[in-house]
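First to last, the sequence lines map onto chains A and B.
Be aware that the first sequence starts at 1, since it is given in the working numbering, and climbs by one per residue.
Be aware that the second sequence starts at 1, since it is given in the working numbering, and climbs by one per residue.
Worth flagging that the hints you see were computed from the coordinates, not collected in a lab.
Source: prediction; values computed, not measured.
A hint or two may mislead.
Pairs involving identical chains hold if they fit within one copy or between any two copies, as the list cannot separate such chains.
Calculated lysine-lysine pairs in the BS3-like style (CA-CA distance at most 30 Å, straight line) [to be verified]:
1. Lys130 to Lys37
2. Lys160 to Lys138
3. Lys35 to Lys159
4. Lys35 to Lys80
5. Lys35 to Lys160
6. Lys130 to Lys38
7. Lys50 to Lys35
8. Lys24 to Lys79
9. Lys79 to Lys159
10. Lys80 to Lys167
11. Lys79 to Lys38
12. Lys159 to Lys130
13. Lys130 to Lys79
14. Lys130 to Lys35
15. Lys38 to Lys50
16. Lys167 to Lys79
17. Lys35 to Lys24
18. Lys159 to Lys80
19. Lys167 to Lys138
20. Lys37 to Lys17
21. Lys159 to Lys138
22. Lys130 to Lys80
23. Lys23 to Lys159
Protein chains: 2
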Amino acid sequence: MNYPSQVLELVVNEFAKLPGIGKKTALRLALHLIKRKKNDLVFFSESLLKLANDLRYCTLCHNVSDSNLCEICSSFSRKKEQLCVVEDLRDVMAIENTQQYFGVYHVLGGVIAPMEGIGPDTLNVNSLLKRVETGEIKEIILALNATMEGDTTAFYISKKLQPYDVKISTISRGISVGGELEYADEITLGRAITSRVNYGG
Amino acid sequence: MNYPSQVLELVVNEFAKLPGIGKKTALRLALHLIKRKKNDLVFFSESLLKLANDLRYCTLCHNVSDSNLCEICSSFSRKKEQLCVVEDLRDVMAIENTQQYFGVYHVLGGVIAPMEGIGPDTLNVNSLLKRVETGEIKEIILALNATMEGDTTAFYISKKLQPYDVKISTISRGISVGGELEYADEITLGRAITSRVNYGG
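Next up, chain A with everything else stripped away, as it sits in the complex:
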């Protein structure tokens, strides 16, 4: 496509690099930005620059943070002996939204995916083992996605954790609340039956 302006083309190309955004959508977004106030555009630009310069990662749990220790890790009200292992910060946010978990987290930064070249070494597994070595942690909850990669990663971590004296659990799989049996897939329903719990508990 021939753009009437090189500046516009630059922005369209940058938007088109984002996942799920093609050239046509990128152009639509750029045109929307042009129509807005100039100050809004400057603010957008500055917020991206801030993201590049000011974003930190928690040195303990590797979650995105504004300082070297995230709010959860530095909170006195969280149980430091309970550790929830997740893939990325979206999972942390999802679990936090439930308001049912009061321990701390460990963000792996991905899952083992050999096809994409992601091995255990690129994930934050070693720092997890170091945290366990201190003996502070009593329970580890593996809260990974119920996918092939998530299960593989959970298996790998559980093997690595065997030498240590920690209780390892995973979040339960089953029928979602409000879900109907006849619409559940066979594997989920099968798992829900095999991992049945006592009624009322």
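Knowing the structure of chain A, use the given hints to seat chain B on it.
Just chain B now, kept in the frame of chain A:
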């Protein structure tokens, strides 16, 4: 949603202001940006700043441009007596891609849409009339979308142009090339019949 970082929240909110992008998609885009190299992010930020500061509009046709006169208006090979009236720059790009039009353009910057508060005064209609007044223009092609708003705008402009000695035409409506009659809607098919042309011409 509670974000683990204010810097991240800032960027997510900015992305979520764009059309068709909700909070979840915005977060996905922001996380994608974090994973890329820092330089890429700085470059993205700078390109937006350039868009805010360096983008110009052609003083003649109101198309987006890098200078005060766009490439098309300043080209010697374009027919200056033929003027194509379009809604926005995407239409210019679409027509340019056909490589069938060699005149110049006039970008209205929208169409008359009373429901959205867009009246004729907010569009570049007066500057169009001024261009026509010079007597340079012999033909005006109204290439507006085949919507209610597009037709209304075309009607308004054609009325405004009546006092001047210019030929006014609109792009033809009809069955798209490769299209089958049985799948065309009634209105399109009806228009295609009433505005039939001589075979071979």
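Query - Enumerated hints in conflict with the structure, sorted upward - result: 11 and 23
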